[in-house]
Structures are given as C-alpha cells and as structure tokens.
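Based on the hints, put chain H in the right spot on chain S.
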Amino acid sequence: MEWLTMRTWSPYAVGAGIGVLSWLTFLLSDKPLGCSTAFARTSGMIEKLFRGRKVEDRPYYRKFAPVIDWEWMLVLGVFLGALVSSLTSGSFELTLQHPRWVSHFGDSPVARLVVALAGGVLMGFGARWAGGCTSGHGISGTLQMALSSWIAAISFFAGGIASAWLIFGLLGGGV
Amino acid sequence: MADLRPAGRWCLMLEGLHGRKGLQFVLALLAGMAFGFLLQKGGVTEYDVITGQLLLQDFTVVKVMLSAVIVGSLGIHLLRSLGMARLHPKPGSLGSSALGGLVFGAGFATLGYCPGTVAGAVGSGALDALFGGVVGILLGAGLFSKAYTGMSRGVMLKADFGDRTIPRALGVNSWAVVLPACVLMAAVLWLLESAGY
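Here the protein sequences line up with chains S and H, keeping their order.
Throughout, the working numbering is defined as the position within the first sequence, counted from one, plus 1173.
Number 112 in the working numbering belongs to position 119 of the second sequence; there are no gaps in the numbering.
Each hint should be verified, as a subset may be incorrect.
Partial list, computed: chain S residues near chain H (C-beta under 8 angstroms) [as the list claims (entries may be wrong)]:
1) Val1193
2) Leu1201
3) Asp1203
4) Leu1247
5) Leu1253
6) Leu1269
7) Ile1324
It should be emphasised that the hints constitute simulated quantities derived from the structure, not laboratory data.
Note that the Cβ used here is the ideal one computed from N, Cα and C, for glycine as well.
Isolated chain H (complex conformation):
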C-alpha cells in the first residue's frame, strides 16, 4: 500500500509539529474546545436529543454524525492522497467491536450521553452527566481494565479482522469506497429531510 507519499518540505514540517509535546497539548485543548462548542450548538449534549435519536423520533444525532463523516472522509482521503496525512484505523473483531458495541449501546440509552457528549453536557450544567455519567464511565472503564486480561485472550479474539479498512478488505482504491459511501450517506440525509424528520 502506498500509504505515505512524501510531499517534500510540508511533510517534514508537519512531522516536526507532531513531535512537539507541549504544543500538541495546546492544539488538543483547542481542538477539544471547538469540538465541545460544536456539540453543544448541535444540541447533541442534551439527554432528550440523544434518547430521542435512539427512539427514532429526533434524527439530530444521525444528521450531525453523517455530515461529519461525509465532510471528514472526503478531506482526510484527499490529504492522504496528497501524502499529508496518514490513517489510523483501529483493530477489531466481532468479539470486541460488535459485542462491546452492543454493551456500549445499552449504556448509551441508559445514560443518555456518550463519552464525548457527557463532557459537553457537564459543561452545559447537566448534573446527571457529572455525578452519574462521568463517575459511571470511570468505574466501567476501571472494571474493564481488570476484565481485559482474560477477555483479550478469549472473547475479544473471536472473528478477528485486524485494523483493515473496507477498501483494503475489498482490495480496491480508497476512493472507490469513499465516493459511493458519501453519496449513500448524503442520500440517507436527503431521505430523512424528505420524510419530514
């Protein structure tokens, strides 16, 4: 895979930037502030908006996520084609991504926030997000750190597919997946709007 096409001075400059820890912490804080500002403006830091999505009554969460994925994937893959960014796909298996995902979903509906929006909800004054959500997520993550030792040798290995991307799994060029996927996601958004959601 031609994952890295060096684009000369640009890449060197970026690599230098990536290695500066103090500056990276400032960039992370600024990126987080922009992220939290946007999530709050989108209304997705609200319990009723998130539970409304899971009850299929309010599609705000899906609208925010799909438009982020469309814009994000076009840009990231362009940067990658120009040799200015590399991908970081996470490894997974059915025993981790799917089973863990279902447990996450149960928590999503019960809490009414997710790990990012819970931080934004705390910033909007939601006390259930702070004393229930943040405390609970810390406890749950701590429990998992103990369970991981056994699970990583058992259930999490079931149907392992590693860190492959869909284009790599299909053996095609990234754009052959990105472009149709973006058209499909845009079509879903258009259908939601036409159906009055």
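One chain only, chain S, in its complex shape:
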C-alpha cells in the first residue's frame, strides 16, 4: 500500500482515476463532477448574511439557490481529499510563494496576494459566465461530448495561454 502515500502519481493514472470516478458519480448520483457553482452558491449565502433574504430574489440565485447542495459537498471533499493526500505523503506545506512567480516578480507576499485575488475575481466571474469550469466543462462536459463544453474548454486554454505569455513573457521579463 506504499503507493497510497507516494508524493506524486503518473498523470495518466490520475486521469484514468478521475474518469472512473465520473462513471461512479453518473451512476450513483446522476451528477457530473463540477466545482464552480459551489462558489456561486457560497457567495450568495455570505451575501445573505449581510443583506438578508432579498438576495434570494436576484434572478441568478433563483436559478442557483444559495444553499448547500451536492456539488458544495463535492468541493468540501476536494479540500479534504487533498489535505489527506498531502499530509500522508509529507507534501503538505504552508506556502504563499511559488518558484515561477518569485523568479519573475520577486517575493513580496502582498504582490502575490493582490494578483491572486484579481485572478480569482476574473475566474469566478468567467466561470459563471461560461457556465462551468475546468472540471464541469473541461472534464465532465467534454466527456459527454457537449458542444458548449468543448467550446468553453478550448476558450479556457486559449485565454489562459495568451494571458500566461502576457504575464510571464511581457510583464515578467521573458518566459
């Protein structure tokens, strides 16, 4: 059972495992794997704390009610599963910085946090605009051969590749 506590597995084994996991969620729960609506629902739940029940009347939250649902539990599980994996393999480490970021932009924690926050805002807005993320569209949607998901997944990477070259190549002084 040593393989269970290895730091990394082959990407093909990991991918095949996710594929098999998607069979199980379709079969046992009639649900595809997806993560971004959980963030939209949580955002609504937090706003409800401050602004009360009128938040629920917003058309978007009529469609995606701000409550805990199947996908919310899934995302909680992703956090816990990664925590178990990193703790048992010895790769858990509290970090704020990453080698690629530091080599281009230095080690200011404020700079990294501000940029991560800006990236998160773009991502949260874009994910709900596109109706899904790298898991909901990129894996679950494409494996169902959904037209919307193939277009979204190609756009994720087109936008991502262009932005990464802009960030690291142009602003960060070369790849």
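Same frame as chain S, but now just chain H:
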C-alpha cells in the same frame, strides 16, 4: 433520441438511490475526497504546474485531463447505451461559453489555479489559494450574480446553440463521435510523450 432504455430493476434501484438526499451528500463528500486526493497526487494543485501548462512547458494538466476524458467518455457512453446513466450536457452560446471562457482563461493564468484545484491547493497548504483564490472566486461569482440579470438578456444569447452534444449536432450515433475523439486524444498524448514532454 432513445436516451433512456430502462434496464429493469437496476434503474429503479438507481433512481431510488438518486432521491436519497442525506446519502447523496455523503456520496458527494466521498467523491470529492477521491477527486481532491487524485488532483493532489497528479501535482495539478500546484501553481507552478498549472502556469507551466499555460506556458506550454509542462503538459501534466493536459495529460490528466485528456486521460480523464478518454476513460470517462468510454464508460459514460457505455452506461448510457445500457440505460444506466443519462447525460447532462450544459447549454451554451458563443456569447457565454466562448467569451466567458476567455475571461476564465485570463483568471486561470493570473491565479494559477481553477475552482477545483484551488480547493485542493488550500488542502495542500497554499495560502495564496485561500486568501487570494477562494476569496477572489467568491467575489467574482458574486459580481456575476448581479451582472447576470442584464447579460442573460444580451451578450449571453449571441449565437446560442442550446444543450446539444456534438453527436446530436451532427445527427449521428454517439459512438461515431466518441470513438474517433478518443483515438484522437490518445494520439495527442502519444505525440506529447514522443516529443519528450
């Protein structure tokens, strides 16, 4: 479309299972744990791996995704042919899937995680994923909930194609798309390996 072919007792049993809310929450938590465990083991919860993919230097993300799609689509379409699973394709349009997708991509490169891997990165101890990523995604999703009212009547309707799948758009049997697509994706993986990535 013959989407549902009842396979007798199996289907009834599964439908009963799908309706049990408490049990479904436990299954979702377990599925999420398996998902997060796998993402962490694949290294795709790391900022450098994701940005390395977008810079086309490290193809781990593509390898994980394509192998998941190959294995997933063969199994899901088999289950569907047996009448044991149904598809849930999402609706879309160029004004939502493509434009929203490009904005998502900009966030993907800037943050260095996506909504699933950001949760896994938090579980691996990445504080930028928690205080930057999770907080930012919540803010961005909240902003979208306000913008949605106008956008859903405007830009998101541009070139709408609904929830059709590629086989349905082409008017062919699902397997006529699934099998060639899987061969093509496997060929991409083989080429990446041969090119030394």
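Here's how the hints hold up against the structure:
no.	hint	in the structure
1	Val1193	holds, 6 angstroms
2	Leu1201	holds, 6 angstroms
3	Asp1203	holds, 5 angstroms
4	Leu1247	holds, 4 angstroms
5	Leu1253	holds, 5 angstroms
6	Leu1269	holds, 5 angstroms
7	Ile1324	holds, 4 angstroms
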